[in-house]
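Construct the complete structure from the given sequences, taking the supplied hints into account.
For reference, the chains in residue letters:
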Amino acid sequence: MNTQFWLIQVFNGISYGALLFLVGSGLSLIFGVMRIVNLSHGSYFLLGGYVALSVIWTTGSWALSLPAAALSIAAVGLLMERIFLRPLGFDPLRQVLLTVGFAFLFQQAALDIWTGNNFDINPPEALTKTVVVAGLYLPLYRIFMIATAAAIGIALWLVMEKTRMGAAVRATVDDAQMARGVGIDTSRISMFIFALGALLAALGGVIGGAFLGIYPGLDFEMLPIAFAVVIIGGMGSLGGAAIGALLVGLADNFGKALFPEVSYFTLYAPMALILAVKPTGLFGRE
Amino acid sequence: MTSQGTKVLVVVAALAAIAIVVPNTNSFVILLSTRALAFSILVMSVDVLLGYTGLPSLGQAAYLGVGAYLTAILATRYQFGLGYDFWVVVVLGILIAAALAAVFGLLAIRATGVYFLMITLALGQCAWGLAYRWNSLTGGDNGINLRGRPKFGIDLANEVTFFYLVLGFFVLSLLLMYTLVRSPFGRSLTGIRERELRMKIIGYNTWLHKYLAFIIAGGFGGLAGVLWAHTAGIVSPENVVLTTSVDALLMAVLGGAGTLVGGVIGAIIVFGLREYLSTLVPWWQYVLGAVYVLTILYLPTGLMGIPERIRQRQTLSGKREDVKKIAPVTS
Numbered sequence: 224m225n226t227q228f229w230l231i232q233v234f235n236g237i238s239y240g241a242l243l244f245l246v247g248s249g250l251s252l253i254f255g256v257m258r259i260v261n262l263s264h265g266s267y268f269l270l271g272g273y274v275a276l277s278v279i280w281t282t283g284s285w286a287l288s289l290p291a292a293a294l295s296i297a298a299v300g301l302l303m304e305r306i307f308l309r310p311l312g313f314d315p316l317r318q319v320l321l322t323v324g325f326a327f328l329f330q331q332a333a334l335d336i337w338t339g340n341n342f343d344i345n346p347p348e349a350l351t352k353t354v355v356v357a358g359l360y361l362p363l364y365r366i367f368m369i370a371t372a373a374a375i376g377i378a379l380w381l382v383m384e385k386t387r388m389g390a391a392v393r394a395t396v397d398d399a400q401m402a403r404g405v406g407i408d409t410s411r412i413s414m415f416i417f418a419l420g421a422l423l424a425a426l427g428g429v430i431g432g433a434f435l436g437i438y439p440g441l442d443f444e445m446l447p448i449a450f451a452v453v454i455i456g457g458m459g460s461l462g463g464a465a466i467g468a469l470l471v472g473l474a475d476n477f478g479k480a481l482f483p484e485v486s487y488f489t490l491y492a493p494m495a496l497i498l499a500v501k502p503t504g505l506f507g508r509e
Numbered sequence: 199m200t201s202q203g204t205k206v207l208v209v210v211a212a213l214a215a216i217a218i219v220v221p222n223t224n225s226f227v228i229l230l231s232t233r234a235l236a237f238s239i240l241v242m243s244v245d246v247l248l249g250y251t252g253l254p255s256l257g258q259a260a261y262l263g264v265g266a267y268l269t270a271i272l273a274t275r276y277q278f279g280l281g282y283d284f285w286v287v288v289v290l291g292i293l294i295a296a297a298l299a300a301v302f303g304l305l306a307i308r309a310t311g312v313y314f315l316m317i318t319l320a321l322g323q324c325a326w327g328l329a330y331r332w333n334s335l336t337g338g339d340n341g342i343n344l345r346g347r348p349k350f351g352i353d354l355a356n357e358v359t360f361f362y363l364v365l366g367f368f369v370l371s372l373l374l375m376y377t378l379v380r381s382p383f384g385r386s387l388t389g390i391r392e393r394e395l396r397m398k399i400i401g402y403n404t405w406l407h408k409y410l411a412f413i414i415a416g417g418f419g420g421l422a423g424v425l426w427a428h429t430a431g432i433v434s435p436e437n438v439v440l441t442t443s444v445d446a447l448l449m450a451v452l453g454g455a456g457t458l459v460g461g462v463i464g465a466i467i468v469f470g471l472r473e474y475l476s477t478l479v480p481w482w483q484y485v486l487g488a489v490y491v492l493t494i495l496y497l498p499t500g501l502m503g504i505p506e507r508i509r510q511r512q513t514l515s516g517k518r519e520d521v522k523k524i525a526p527v528t529s
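So the sequence lines, in the order shown, correspond to chains A and B. Numbers in my numbering are just positions in the first sequence, counted from 1, shifted up by 223. Numbers in my numbering are just positions in the second sequence, counted from 1, shifted up by 198.
These are computed hints drawn from the structure, not numbers from a lab. Possibly wrong hints are sitting among the right ones.
To be verified - So, partial list: chain B residues that the calculated Cβ filter (under 10 Å) puts toward chain A:
| # | residue |
| --- | --- |
| 1 | 309 |
| 2 | 317 |
| 3 | 318 |
| 4 | 319 |
| 5 | 441 |
| 6 | 447 |
| 7 | 451 |
| 8 | 478 |
| 9 | 480 |
| 10 | 493 |
No residue lacks a Cβ here, since even glycine has one placed at the ideal position from N, Cα and C.
Written out as structure tokens, the structure is:
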């Protein structure tokens, strides 16, 4: 275990964290705005990957599959929010169970349409090369993942901090009732955020599909990890999601490399402890 | 006769019918019923938390897992629990699951609502992570295969004998939990569900009440685990995974939270759909998903709430008629 090993592990952890940021940031915003524990978020991730596969098979274009998957899954999320979640009103338990019901439906639909086989999403040639930085061989694709997540993170941050829409979203996270009181249409904000969360998760599915693969069961594998990101980072906070994603990405990587037998335990035990001590997460708003 | 008395009679009659009818059917139905009954104990333990205490646990599979892994590890490594010592394993399974709940409860009980869901999810995932990765103890992804069921005077390898054993444990659990929720302790749990602050002001230690309920539910989960290990013959991370906890919670809600026996109906329907319908049609999971979604949207009180809703509708429409009759006179 020399410096090189540690540097490579750190790099892998950060790039995995970049992927987790895409999944976790949406989940965090959804929770912050709507107080919904969305258990179908993993399904958006998986469905995004599947839609991308279909697009790649028919058109052969990887670049086209990104927006196609993201937008179609955003539409699914939007419909789900409007037709099913909105009428339930505020009842955490029923909302949670409803999203699970949908997760099961999506699972079966995916099995019917895309069969139970394992697939890989092959990125274009240009991204499969490796680059040498300071004596380390780094896959270009992982650098692309980090760059994409960073770009999306910055764009989201700008929207949230600098625009009127973003201010309305932040107000809703802090106090939905008060936000309604001052004339913010929180129902529309919820719709927008839910769709955005689905879009980000689907994007994560397409990008992550290249090195995780796309297979049945991935939805419920991704879901708890995304929750770990949200909880460690703090619910409803973008910066928190970024830090949470990095921490979870690194913890997961080092856990698997150093103590494989307890690697998941080292991920979820801190999550439970943080929840017990500070339910809003490390960086959540009170 | 009180309506509670009628309900108890119906449940007793239904149990008697199950005890008589099931052993005379084919082995598929017997196995299915055994599975449903063993899992029902876990569902009822979820209901004690959800329906009576107002704590929606998303990590109840952890206790099932602890009981099941304990049984499997003792049986395969030490040949323990395959004779009369089976009863020792039952007690150990309950105790170790209750002990785990005592540790987890320290972290979870303070949280309420969504946060309780999240923290029990995290704790459940801790248990799953260990089951999945701790290869040397749990056999990792492959799980542990049990070779043969216990034999002590009676041979549990016999399906019907084993069915009666599980039914016995089930009835005992139902009785114990029924007594629990109707005891003064259970009444104060219901009080906490309705309005925790008020109970605190009256002077109840609500934290302790919830903590004890959590431990008791964990113990029953452990019992379900011991039985499940011998029912399925294999213990794997599948039993501890998030979807198993979600299943238990959904079954409780599907049958009707706060009814105990509702969970059994939920379990029978879900196991029936999953294992019987899946042999008939490939799209069975749509039915299951649709049942969940429709129940949550239109039947928040679950299947057990249907008679009550019908009665309400009748009295309501009756009243409306009355209003119509009176209306012209008063105007």
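> If you check each hint against the structure, which ones fail?
Replying inline: 8
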